[in-house]
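Those sequence lines, one after another, are chains L and V.
What the first sequence shows, in the numbering used here, is residues 1 to 493, in sequence order.
What the second sequence shows, in the numbering used here, is residues 1 to 510, in sequence order.
Please note: incorrect hints may appear among the correct ones.
[As the list claims (entries may be wrong)] Taking beta-carbon pairs under 8 Å as the criterion, some of the chain L residues facing chain V (in silico):
{"#": "1", "residue": "393"}
{"#": "2", "residue": "399"}
{"#": "3", "residue": "411"}
{"#": "4", "residue": "424"}
{"#": "5", "residue": "431"}
{"#": "6", "residue": "434"}
{"#": "7", "residue": "485"}
[As the list claims (entries may be wrong)] Pairs of lysine-lysine residues, derived as DSSO-like cross-links and limited to a Cα-Cα distance of at most 30 Å, are as follows:
{"#": "8", "chain 1": "L", "residue 1": "198", "chain 2": "L", "residue 2": "370"}
{"#": "9", "chain 1": "L", "residue 1": "168", "chain 2": "L", "residue 2": "157"}
{"#": "10", "chain 1": "V", "residue 1": "468", "chain 2": "V", "residue 2": "99"}
{"#": "11", "chain 1": "V", "residue 1": "167", "chain 2": "L", "residue 2": "370"}
{"#": "12", "chain 1": "L", "residue 1": "370", "chain 2": "V", "residue 2": "445"}
{"#": "13", "chain 1": "L", "residue 1": "370", "chain 2": "L", "residue 2": "157"}
[Unchecked claim] Cβ-Cβ distance ranges computed for the label pairs, FRET-style:
{"#": "14", "chain 1": "V", "residue 1": "20", "chain 2": "L", "residue 2": "458", "range": "19 to 29 Å"}
{"#": "15", "chain 1": "L", "residue 1": "479", "chain 2": "V", "residue 2": "441", "range": "52 to 62 Å"}
{"#": "16", "chain 1": "L", "residue 1": "284", "chain 2": "V", "residue 2": "277", "range": "32 to 42 Å"}
{"#": "17", "chain 1": "L", "residue 1": "379", "chain 2": "V", "residue 2": "23", "range": "12 to 22 Å"}
{"#": "18", "chain 1": "V", "residue 1": "54", "chain 2": "L", "residue 2": "425", "range": "31 to 41 Å"}
{"#": "19", "chain 1": "L", "residue 1": "464", "chain 2": "V", "residue 2": "204", "range": "54 to 64 Å"}
{"#": "20", "chain 1": "L", "residue 1": "70", "chain 2": "V", "residue 2": "23", "range": "20 to 30 Å"}
{"#": "21", "chain 1": "V", "residue 1": "163", "chain 2": "L", "residue 2": "429", "range": "26 to 36 Å"}
{"#": "22", "chain 1": "L", "residue 1": "479", "chain 2": "V", "residue 2": "440", "range": "54 to 64 Å"}
{"#": "23", "chain 1": "V", "residue 1": "368", "chain 2": "L", "residue 2": "157", "range": "49 to 59 Å"}
{"#": "24", "chain 1": "V", "residue 1": "422", "chain 2": "L", "residue 2": "425", "range": "33 to 43 Å"}
{"#": "25", "chain 1": "V", "residue 1": "63", "chain 2": "L", "residue 2": "379", "range": "39 to 49 Å"}
Keep in mind the hints are simulated off the structure, nothing from the lab.
Note that the structure is a prediction, hence the values are computed from the model and not measured.
Where is the CB? At the ideal position from N, CA and C, for every residue including glycine.
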Amino acid sequence: MSPILPLVSYADLLRLTLPEIAVAVAGLVLLALDLTVLRQAALKLRFGVGALIACAGCLLSIGLLTHTAAPAGLPDGMLVITPVTVVVQIALLGLAVLTVLLSTSVEITRNVGEYLALILFATVAMMFLVATQNLLLIFVALEFLSLSLYVLTGFDKHSRQSAEAALKYFLFGGMSAGFLLFGMSLLYGVSGSIELPKIAAAVNGPALDPLLLVAIVMVAIGFGFKVAAAPFHLWAPDAYQGAPTVSAGFIASSSKVASFFIFAQVVTVGLATAAGNGAYRAYSPGWVPALCVIAALSMVVGNLAAIAQTSVRRLLAYSAIGHAGYMLLGLIAHSPRSQSALIYYVITYALASLGAFGVLGALEAEGVDKITDLAGLSRRAPGLSLCMLVFLLSLAGIPPLAGFFAKFYIFVAAVEAEPHLGLLWLVLLAVAMSAVSLYYYLRVLKQVYVAEGAPHAGAIRTPLVTRVTIWVLAALVVLLGCDPGWLLRWIGA
Amino acid sequence: MLAWTIYVSFIGALAARLSPTKGLARVVALLTAVVGLGIGLVTLNHWQPGDFLTVAQVPWIPQLGIEYHLAADGISLTLVLLTGIAATAGILFSWNIEKRTQEFFAFYLVLIGGVYGVFLSFDLFLLFMFYEIAIIPKYFLIAIWGSVPRGASGDAAGSQREYAAMKLALYSFAGSALVLAGMVAAWVASGGHSMSFDALAAFPFSAHVQMGLFPLVFVGFAVLAGMWPFHTWAPTGHAAAPTAASMLLAGVVLKLGAYGCLRVAMMLFPAGLDPWGFHLLGFGSWRDVFAVLALIGIVYGASVALVQRDFKFVIGYSSVSHMGFVLLGLMTLTQIGLDGAVLQMFSHGVIAGLLFAVVGRMVYDRTYTRDLNELGPMRLAHAIPFAAVTFTLAAMASIGLPGFSGFIAEFQVLLGTWRAFAWMIVVAGIGILIGIAFTWRALTKAFFGEPTPGAVEHALPPITFPEKLGALLLLASTLVVGLYPRILTDLILPSLNSQLFEGLRRGAWR
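Chain L on its own, in the form it takes in the complex (with noise of 0.2 Å):
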């Protein structure tokens, strides 16, 4: 009889987790040190060490991930590190960096330590979900980072919409857990074993077992909520606008990459044999037909909400549940190239959102809240209204912007997965929502760029840092957009 448990080796598990544990301790000792040293100190100072600090153990853990030797692992596919996840983990590294970054000059709270560390533990959480193939894992890790995020949410503490956005987060974060544990334990129970090749190679079969199924619906309501698609979207308009600006960017970029990530990962290879077929005229059970009415319902509710909207925030989350129908086509292909399209676009996604909130959050001084307080930004910072533009533009899909070749690679991805061109009709659905996206975007650009503002009114001034920030962005969002092999050649495409 094998043991319950395997034998794992401490010195493999140190060696593995290390970049984790860079993270981690950097987290610990700026909550020490702003506890301890600096808590008299002025704020500035308090979050000019933290960001200091966080960035040191970001850039640390980078630079141990370029030196992993992957493929590496622990049993039971509790660790199971990959080019690909090695790619994912530097990306959200990145992304907690430039967040750390924008932070610093948002006067939100005065508990520093608290911020900064949460941002950190957040993304030790996510880099773990990439890692792993283990049900158990996977599940501490997202639970994890939603109670991080639902804090970051909440950390406004002056503000009753913050205070708001984050009881709604996590009332329906939690119930998202119940319903993706209940549907882990089917598939437990289905199959026997937490490990997600295992499990497929245990559910093998054309007929699909009713247990299965309800396992599969479950787990996709589960991830659906984490990964706000339509009709498990709800909480995201209220939280994007309730929560801190910084919060509210950092949700709608890193953790939409880790939770896309690992989304792909328990469908495509823990049920890799219960695929099912969602093309025209080839309808068979599975996981994919489900996702593709979710993925059908999130461009249409998405993108059609998003036009009504009058907050900028609110129009983001909605665009955000359109983007995320877009993003399970690269799920509902599931191919090798379709990863990859997946990763790219998460990852260009992620940074043009960033972006948008870092600018959204550079304004907060002026209160910025409706589309219209955005008139005439573009004469009192044409910069913020230029990097504004490249980012919304990047959403729409415009080229030459990163946002219009991932696009592009996932529609070719998804048109490619099926033989007669089965997956078309969804393609063509995608396609004609994102015609529709252009006009809210365009709604916000009109007010940046045509309408007068305020007669009086006089330039925008911003710090230097969040400006380099959001500069550095705007740059990374036009380069992947020009040169996207130089990504596609990291993410193994």
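Take the given structure of chain L and dock chain V to it, following the hints.
The following block gives chain V in isolation, referenced to the frame of chain L:
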């Protein structure tokens, strides 16, 4: 060297945006446009009939087989020349822009760079990229600097501009969405190795695929070519745009669509033009369908232009009518018809530019009205005789009098139509007659109206030097091509007979 038309435009855009003074921005923009035109002319000078010039061909996204492939055949070069002429003239006619001048020229030059890119791309993905780059500047040019008819002011004027701008942007983007879908499907159907035109044109797509993709891509591009019933963005957009943008929109951007129809839809999916094998409402193929739509466009555009009170709308609808000839020429699938279609793209580009320049800049910027009934009593023929002479010449070119480029272009299209669909020539002829009528009406009403007794004649500012220069440039272009059409037909005809159009020739070519 031809690739520098693109780069210079984008660099010029940046330089114009960063110019400290308005005057410098103008000069930078003019220089940029002149350099673009110069590069085109130098290339023309060295061009031998049948040449094919590969400008750049390097792997760009090797994972998908996408290349950075710029090249030019005679058709591309014709349109590059047109872009150079229209861009230069457009800048000369927008010399008086005072509002956010630097930004105006920046957006304008980005648009021009995108247009050059489309005409020079020989990779489908690259072409599409430049095609979409051109959309966004159009929106801002109209929304920020657009002109509106008298009576609308303040918020109403703003919302009218924004309506026209948004309509234009969304129509363009919806059209390009169709093209995107077709492009994705074509890439997958061809095995996903290359997006280069030579590779795709040589790939044997199944008749089934071509039959499905051809209408998708053709309609996608035809939206931007102003094909009836997808034309409604064109008159509102052109009328609301600032003069230089109307000149560029009508002169060049409409041709992007027509060029796409020819270069992508027809060249890559020629079997889509074959008969369906059955008849539906009298239509036997996509070719019949689009020919009839083009014909409706010719007559409908001209008829609507006949009853407009707004001078700019007259010109706007005339564009719909003249673009109908381009599409009709394409659908004839005869050598002479296609040649005429490409020539008409050039000819209409120059003439429409001239008409919009007179209406938008010479007349509207002085009288602040576009209402034909109000313009009549002003006796513009006396007040600004240069404008009257220019418009008269432009009108003659527009109705296709011999000696101007419009004649040779429309004549060829009609010859082709006679061979392909003999009965249509009657309807097209009626369209031409209505065209003469609305042009005559606009000409007499606007410039040679009866003075109201007792009215004081207002002195209008004289025509400035840049305006005269721009008008002469455009007039010279239409005259040169009208008197010596070989200068362009020597470019176009050998290209139509090249390997790239092999599929089209093997099909229904007559």
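Q. So which of the earlier hints does this model not fit?
A. Violated: hints 8, 12, 20.
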